[in-house]
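If you read the protein sequences in the order shown, they are chains A and B.
Residue 16 is where the first sequence starts when you use my numbering, and the numbers rise one by one after that.
Residue 16 is where the second sequence starts when you use my numbering, and the numbers rise one by one after that.
Rather than coming from a laboratory, the hints here were simulated on the basis of the structure.
It is possible that part of the hints are untrue.
Said to hold, decoys possible - Within a straight-line C-alpha distance of at most 25 Å, the following computed DSS-like cross-link-like pairs (lysine-lysine) qualify:
#1 B:LYS290 with B:LYS410
#2 B:LYS410 with A:LYS402
#3 B:LYS410 with A:LYS557
Protein chains: 2
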Amino acid sequence: MTSYVRAMYDFSGEPGSSELSIVTGEVLSVTRSDVGEGWWEGKNARGQIGLFPAAYVEVLSAAEAQKLNSSGAAAVPQVPDPFATSPPPRYDQTAEDWDDDDDWSDDNDTYSEIGQGAQKAPAAAGATSARIGDYDHKSLPGPPNDDTQSLASAAGTGAGGSGTVKKGMFAKSSDSYILGLSNTTEKIPESELAYITQVEDTIYQWTKNQSPYSVVVASPKKESKFKGMKTFIAYQLTPSFNNISVSRRYKHFDWLHERLVDKFALIPVPPLPDKQISGRYEEQFVEHRRVQLQEFVDWVCRHPVMSKCEVWHHFLTCRDEKIWKSGKRKAERDPYMGVNYCLAIFPPDRHILPSVIETPLETGIQFIHSMDAAVRNLNNISNDMAKRSLAQSKKEFQRIGDGLSDMAKALAIDERRAPTRNGIPLSESVGRIGGIFIGIGQTFGDQAKHDWIPLSDRLHIYRGVLNCFPDIFSTHKGAIQKRKDCQRSHDEGKMSNPQLQDVNRRTDVVTYTVMAELTHFKSERDTHLKQTLKTFINEQIKFYQGVVARLQEAARQIE
Amino acid sequence: MTSYVRAMYDFSGEPGSSELSIVTGEVLSVTRSDVGEGWWEGKNARGQIGLFPAAYVEVLSAAEAQKLNSSGAAAVPQVPDPFATSPPPRYDQTAEDWDDDDDWSDDNDTYSEIGQGAQKAPAAAGATSARIGDYDHKSLPGPPNDDTQSLASAAGTGAGGSGTVKKGMFAKSSDSYILGLSNTTEKIPESELAYITQVEDTIYQWTKNQSPYSVVVASPKKESKFKGMKTFIAYQLTPSFNNISVSRRYKHFDWLHERLVDKFALIPVPPLPDKQISGRYEEQFVEHRRVQLQEFVDWVCRHPVMSKCEVWHHFLTCRDEKIWKSGKRKAERDPYMGVNYCLAIFPPDRHILPSVIETPLETGIQFIHSMDAAVRNLNNISNDMAKRSLAQSKKEFQRIGDGLSDMAKALAIDERRAPTRNGIPLSESVGRIGGIFIGIGQTFGDQAKHDWIPLSDRLHIYRGVLNCFPDIFSTHKGAIQKRKDCQRSHDEGKMSNPQLQDVNRRTDVVTYTVMAELTHFKSERDTHLKQTLKTFINEQIKFYQGVVARLQEAARQIE
Chain A
16 MTSYVRAMYD FSGEPGSSEL SIVTGEVLSV TRSDVGEGWW EGKNARGQIG LFPAAYVEVL
76 SAAEAQKLNS SGAAAVPQVP DPFATSPPPR YDQTAEDWDD DDDWSDDNDT YSEIGQGAQK
136 APAAAGATSA RIGDYDHKSL PGPPNDDTQS LASAAGTGAG GSGTVKKGMF AKSSDSYILG
196 LSNTTEKIPE SELAYITQVE DTIYQWTKNQ SPYSVVVASP KKESKFKGMK TFIAYQLTPS
256 FNNISVSRRY KHFDWLHERL VDKFALIPVP PLPDKQISGR YEEQFVEHRR VQLQEFVDWV
316 CRHPVMSKCE VWHHFLTCRD EKIWKSGKRK AERDPYMGVN YCLAIFPPDR HILPSVIETP
376 LETGIQFIHS MDAAVRNLNN ISNDMAKRSL AQSKKEFQRI GDGLSDMAKA LAIDERRAPT
436 RNGIPLSESV GRIGGIFIGI GQTFGDQAKH DWIPLSDRLH IYRGVLNCFP DIFSTHKGAI
496 QKRKDCQRSH DEGKMSNPQL QDVNRRTDVV TYTVMAELTH FKSERDTHLK QTLKTFINEQ
556 IKFYQGVVAR LQEAARQIE
Chain B
16 MTSYVRAMYD FSGEPGSSEL SIVTGEVLSV TRSDVGEGWW EGKNARGQIG LFPAAYVEVL
76 SAAEAQKLNS SGAAAVPQVP DPFATSPPPR YDQTAEDWDD DDDWSDDNDT YSEIGQGAQK
136 APAAAGATSA RIGDYDHKSL PGPPNDDTQS LASAAGTGAG GSGTVKKGMF AKSSDSYILG
196 LSNTTEKIPE SELAYITQVE DTIYQWTKNQ SPYSVVVASP KKESKFKGMK TFIAYQLTPS
256 FNNISVSRRY KHFDWLHERL VDKFALIPVP PLPDKQISGR YEEQFVEHRR VQLQEFVDWV
316 CRHPVMSKCE VWHHFLTCRD EKIWKSGKRK AERDPYMGVN YCLAIFPPDR HILPSVIETP
376 LETGIQFIHS MDAAVRNLNN ISNDMAKRSL AQSKKEFQRI GDGLSDMAKA LAIDERRAPT
436 RNGIPLSESV GRIGGIFIGI GQTFGDQAKH DWIPLSDRLH IYRGVLNCFP DIFSTHKGAI
496 QKRKDCQRSH DEGKMSNPQL QDVNRRTDVV TYTVMAELTH FKSERDTHLK QTLKTFINEQ
556 IKFYQGVVAR LQEAARQIE
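Excised from the complex, chain A in its bound form (with noise of 0.2 Å):
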C-alpha cells in the first residue's frame, strides 16, 4: 500500500535542486523514504516528484491512507511502517549516494560507519506524529490492541538484545520496564547514573552535574579527501574540561542525535539545526550552522544527566578511528535505552500518590501545551521580521533614499542654471541624506543576523524541546495505566504483593522523571531564555540607536 505523509509546515524547496515546495495540509505521496538524513522523496497532487524533509510531514494513518489508495492514486514504491513487525535493513547496507557532494551521505567517509541511518526517517515520522495537544496512549509506537502477555513477550526478546530495531519498536513503550521485564546484566557505568531529589512539595530535580564544562563549537573549516574529489566541512569542538579539539562533521552530530533521542525517551533532546541540501559551503550558511550547533552542544551541557552520558563523551573526545567505531558500536547496542534508563535513575525513596501529583502534572501538560503555541508564534514573527528587514525595510529605506537621491539630481539641473552662491547647494546636501537614507536601508538588511535570526534559533532549541514533551507525558501516561493493569492483576490474585510494590516503585521512578524534566526546563527558562530576550533587546537597542545615528549625521547634511 502506498504511504502517504501530509505536510505540517511550508517548505520552500531551493529552486533548480531536487527540492520539492511542500504547503501546510498538502497530502503527498511518498515515493523513496531511504534518500537518508531526514529527506524523503514524494509526487504531490500535480504529479511532481521531489525531496522534502521528513520533519515537516506526518504520515497518515493506515485508515486514511486505505481511503486513498483506494481512491486511485498512483502506485508507488512503498514507505517503511516505523512499526511494522519485521525489521527494516540497518546494519552493512549501502546507503544511496543520491547527491554525491552531499556532506553526509559519503560513505567513503573515515567515520563511514557512522549512522547512515536508514531508520532515522521512520523515526523522524514518529517524533512528528506525535503532536502536542494529542496526549493519548494510542499515540504510543506499538500495536494499538497490544496485551500484558504480547507486550511482555515482546519485551522479553528486546531485553535479550537480539536487536536494536526491536529495540526501537517498544523503546518508548514503558511497559516492560513497568513489569520489570528490562533488567540485564550489564552494568550500567557510574557516570550514567542520575539521582532525582526533592526540593519542595511537588517539585522534583535532578541533582546538578557536579563537574560542569562548556564545549566551544569552532572553526567550520572545509576539507575534503581524495585528492579533493569529496569535499565537507568540519567543526571542531574543544570541552573545558579537557582542552582537547575534535573534528566532527554534520553527519556525526546527526548520528549522535539519533543515539540521545532513543537513550532518553524522557528527556527531551534539543533538535539539531534544520537539514539543507543545498548552499551548504556558503561562508554564511556554515557560521550560521556553526551557531547552531554551538546552541544544540550548550544545551546538552547544561543537561545534568545528558552531559554525563557515556555515547556523548565519546562524542566529545574520541580521536581514534578504531575506538569511535567500537564506541559507536556499544552506544548502539546499549541495553539502557528508552524507557529502560529509568534503571539508571535514582529518585527519593518514597511512593508519589497519584492524587498529590495530579495537578501540578495536568498543569505542566497545560504549561507545554500552551508554551508551544507561545514559542511557535513567536518564531513565526521571529522569521516574519527577519525576512521584513531583510527585504521590506531595507527596500523602504532604499526607496526613501533613491527618491532623495533623484530630487538631488533634479536640483542640480537647475543649480547649473542659477548656481548657490553661499553655501552648500541644496542638492549636494540632500544627495547626501539620500546617501544616508540608502545606509539605513542597509543597515536594516544586516540587522535580522543581530536580532531575529539568534532569536529564531533559540526559539527552534525550544520548538523541538517543546515537541518532545507530548511523548513524554504519553509515556507516563503508559506507565500509569500498567500500573493500573498490575493493580486488577494483583487483585485477582495473578500477581504477587512484592511483584506490585515493585511494579509501583517503578513506576514513581518514571513519574519523578517526568517531574524533574519540568523542573529542569523551568530552571532552563529562567535563565537561558531569560539571557536570550535580554540579548535581542538589547540588539535592537543597538539597531535603533545606529538608526539615531545616521540621522543625526543626515541632519547635520543639512545645518
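Using the hints, position chain B against chain A.
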C-alpha cells in the same frame, strides 16, 4: 457629444458617500460638471455614478471622445467645454445644493455671493490637462488654428471687460498683450506694481517686498447660523501687519485661490488642500486642514508679488460685508488679469537676446520636469510610509507584543505549578516587555503625523507649484512665437518699426517674469524645502530615540 475624462490618479471614494472610486487610466463619461468645488459627477464602465475630484482626471480630446461616442456609449449630460465660444452662465445662477450640509454649497451664507464658481470645474480641467512634459503651444486655451487677426478682435472684446468668461478664454494666451491690445485706462494700484532686477548674468529676481509680514491661520471653529441649522468651520487669520483677525471659511480660500490663478498667469499659485466631502467636521481633519491652509498662506506671504496684491489684502483684512462685496466685484473684473498683469511689471530696460536666454530657460524646463517627477515620487513614498507606519509597523510591533504576552501567559501556568522563589517571575518580565512592544507599536501608529504627513503636506504645495510651470513655459513659448510672427509682418512691411520694438519689449517682460519666477522658486527651495527636510529628519530622530528609550525600559524588566 458626451464628454469623457481619463483618471490620472487613483481616488478612493468614501464608502457610503456619493463619492466614486476611480483608478488611474480608467475612462469615465461626465454626467455633471456643475457639482462645484472641484467635484465632477461621472459614470464608469460598470455604470456606477458618483463624484470624483476634477483635478484627478484629464479631459479626453475631441477625437478620442468622438470615438467613444460613436462606439455607442450611453448618452449622458454634456460637460461644458471650458473653451467653448458661448459662455456658460456665471453670475446670478443658483448653485445646486447637492449636499445641504456642505460647508461650501451654502448659498445663504453672509458671503453668499463669493465664488460659487460654476466656472471652477472647467478651470480645473484646464489646469489638469496641461501636464508636465506637454509644453507644446497647442495645449494653450484657445482655438488651435487661431491667427493674429481673430485673437486681436477677441482681445478687444476682453479688454473691454464685457465678461470674465471671455477673459478666461484667453487669459493665459499672451497674444493680445504682446500685440499691445490689452491697454486699459484703469490705473494699476501702486501695491501691485512689480519690479525685476538683474542679479547676475542670466539671473533675474523680483524686488523683495519691503514690508514682509506673516499671517497666522488659527483656531478653526465650528460656527453655525440659522439657529444651528447650518454649521461650518471658520479659520481665524491674523496678519502680523495689523494684528486684526478675520474669519474665513474654506470656500473663501477657494474663491481667493481662483482669483490668484486668474490674475497671475506667469506666477505659480500654491494649491489649496485637497477637497474632501466626508469627515469635514472631525477634529483631526479640521486641524490638518488648518496646517495645510497655513502652508498655503505662508507661501503666498513669501512671494514678493502675490503678497502685495489687492485681492489678497482684501482677503486678509476685510471685515465689513459691504466692502467685501465691492472688493469681490472689483477683483472679479480686474483688467490686469492673466498675461495682462505684465503691464504692471517693470523689468530691467534692456532687450534680452533669445540666444542668451535659451539655454538657461531650457535648463529650467528640464529641471521642472525632473523635479516634478522627483516630488511626485517622494510624495508617493511619504504617503506609503505614512500608511505603513499607521498600519503595518504598528501591527507588527503589536504582534510582537502580543506574542510575548501569550508567552508570558504560558509561563504563568507553569509558575503556578512551580513558583519562582528568587526575583521577579519570568512570566511577569516577559509580560511587561510584551506591553512595551505594544506601546512601541502605538508610537509607530502616531509617528506619521509628525514626520511623513507634514512632509507630504509640503510636497503637496511643491506639486501644485510645479504643475503651474508647464503652462507658464507654454505661455512664454506662445509670446516668443507671436514675436516671430510680428517680425515677419514687419519684414513684409505690415508692421512699423516702433510697433515691433514695443512687441519686443513686451515679449521681454514675459521672459523676465519667467526667469524671476525660476529664481524665486530656487530661493524657496534653498530655505523652505531645506527647512522641510530638516524638520522631517529631526522628527525621525526624535521618533527613533523614543523607540530606543522604550526598548531600554524593556531591557530593565529583565535585569
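Against the structure, the hints:
1. Proposed proximity of LYS290 (chain B) and LYS410 (chain B) is contradicted: the alpha carbons are some 30 Å apart, above 25 Å.
2. The hinted pair formed by LYS410 (chain B) and LYS402 (chain A) meets the criterion: a straight-line CA distance of about 16 Å does not exceed 25 Å.
3. Between LYS410 (chain B) and LYS557 (chain A) the CA atoms are separated by roughly 22 Å; this keeps the pair inside 25 Å, and the hint holds.
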